[in-house]
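Chemist: Keeping the supplied structure of chain A fixed, place chain B upon it in accordance with the hints.
Listed here are the chains, written in short residue letters.
There are 2 protein chains.
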Amino acid sequence: MGEHTVASFDEELGQVSRLISDMGELASSMVASSTKALLKSDNGLAQRVVSDDAIMDARQRELDTRAITLIAKRQPMAQDLRAVVGAIRMAGDLERIGDLAKNIAKRVGAVGQGATPRDLSHSIDSMAQLVLGQVDGVVEKYAARDAEGLAQLRADDERIDVKYTSVFRELLTYMMEDPRNITACTHLLFCAKNLERIGDHVTNIAENAFFVLTGEQLPPNRPKLDETAAAVPAA
Amino acid sequence: MGEHTVASFDEELGQVSRLISDMGELASSMVASSTKALLKSDNGLAQRVVSDDAIMDARQRELDTRAITLIAKRQPMAQDLRAVVGAIRMAGDLERIGDLAKNIAKRVGAVGQGATPRDLSHSIDSMAQLVLGQVDGVVEKYAARDAEGLAQLRADDERIDVKYTSVFRELLTYMMEDPRNITACTHLLFCAKNLERIGDHVTNIAENAFFVLTGEQLPPNRPKLDETAAAVPAA
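Protein sequences appear in the order of chains A and B. According to full-length UniProt numbering, the first sequence is numbered sequentially starting from 1. According to full-length UniProt numbering, the second sequence is numbered sequentially starting from 1.
Note that these hints are calculated values from the structure, not bench results. Backbone N, C-alpha and C define an ideal beta-carbon position, used for all residues, glycine too. Hints should not be assumed to be uniformly reliable.
As the list claims (entries may be wrong) - Computed spacing ranges between beta-carbons, pair by pair: (1) A:Arg169 / B:Glu11: 21 to 29 Å; (2) A:Ala54 / B:Ala151: 20 to 28 Å; (3) A:Gly215 / B:Met77: 23 to 31 Å; (4) B:Gln15 / A:Arg118: 41 to 49 Å.
To be verified - Selected chain A positions facing chain B (in silico; Cβ < 8 Å): (5) Gln75; (6) Met77; (7) Leu130; (8) Leu132; (9) Thr214; (10) Leu218.
Here chain A stands alone, though its shape is the one from the complex (with noise of 0.2 Å):
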């Protein structure tokens, strides 16, 4: 990122960051216990990660007004401007992954009154661990400056669109089998259509932290994403 003039620049950058790395924390913690609390329909748990995301929001506007102050004041040129305007984009998708694990939350309750099949819990379980090993690791990289890495873990995001479809499908199915499932399974599908919109944050904040890392922009976009559209199986 090179010298600077103003020494505490970099300081008051790094202010930023740890402020970002927090948020990737609480990020991480609310998506893995909104989803222990979606699948052991854990009312307690699920109240906790609603608490949460005012703290989120908190910390999001800490960061913002940080940010904004330290371009007022430092006037950073060029590559130290993307770094600063980078963390606030970061920052905006980690209050957003907040905002997804807040409503998947807020579903449990509604969700509960059902029974979720054995095995469509373990489809949800293992979605939810694909995109918690995603926000994990994005804080993780982001943390430890690993580009390379970043780029990676941009790329597969793609597993989380194959289950995300995968889930899709099976919820439709019980839905049909069953019209008594259909209330649960459809709050099941928003919360699983949330996970996947999670890994799409991840892919944002991946993208954002390597520019920020670099200065190069990645590759433009794979092609995305939901293919539930066209994922209809028959009726």
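Modeler: Just chain B now, kept in the frame of chain A:
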């Protein structure tokens, strides 16, 4: 916004504003076309929305580049800086409205395979009209610098949420009545959810536009929003 020592800052900010208005008009047209395509099973129109999204993305990139160049070149302080950052945020929300319209368009084929009951079409159409009114409204009120109107518009998002909850219930009912409706209704459920999310992005835009125009934050967000987790009809 006060006078500037460098006269052309306002000109450059004006260009950024015009890009926001362009993106707003495109967003409005994409929302109108995607819901029309959905309700008329018009695959050609749906395809056009998918192409429009590439234009939207290009405009957002142009706005981002201009805004960041503007900050780097003019080094605006405080209020002016916030105006530019506000524009970057508004562009982000408009781009996401485009994404959501595209997602609706991409579901047109999957929904078209089942016949949508007339009552349901009517409900979705009326939700779409509410959302479209909000999108058009926020673009107009931002262009007219109508801060009071923006505050009112944010409050009006509640009507969309109420409508969404009712469409959600209706869709569950249709699915329960006949399993052959499940596939199409599932896609319609995501379309309705996308419309509700478009409303949320309009709310964000109204808040940012209000801040850019007045330098004041609107009072904290009203309690949010997706009430469907509680709206579970007896199965």
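Chemist: A separate judgement is required for each hint: does it hold in the structure or not?
Modeler: The hints, checked one at a time:
{"no.": "1", "hint": "A:Arg169 / B:Glu11: 21 to 29 Å", "verdict": "violated, 54 Å"}
{"no.": "2", "hint": "A:Ala54 / B:Ala151: 20 to 28 Å", "verdict": "holds, 23 Å"}
{"no.": "3", "hint": "A:Gly215 / B:Met77: 23 to 31 Å", "verdict": "holds, 26 Å"}
{"no.": "4", "hint": "B:Gln15 / A:Arg118: 41 to 49 Å", "verdict": "violated, 58 Å"}
{"no.": "5", "hint": "Gln75", "verdict": "holds, 4 Å"}
{"no.": "6", "hint": "Met77", "verdict": "holds, 5 Å"}
{"no.": "7", "hint": "Leu130", "verdict": "violated, 21 Å"}
{"no.": "8", "hint": "Leu132", "verdict": "violated, 22 Å"}
{"no.": "9", "hint": "Thr214", "verdict": "violated, 17 Å"}
{"no.": "10", "hint": "Leu218", "verdict": "violated, 14 Å"}
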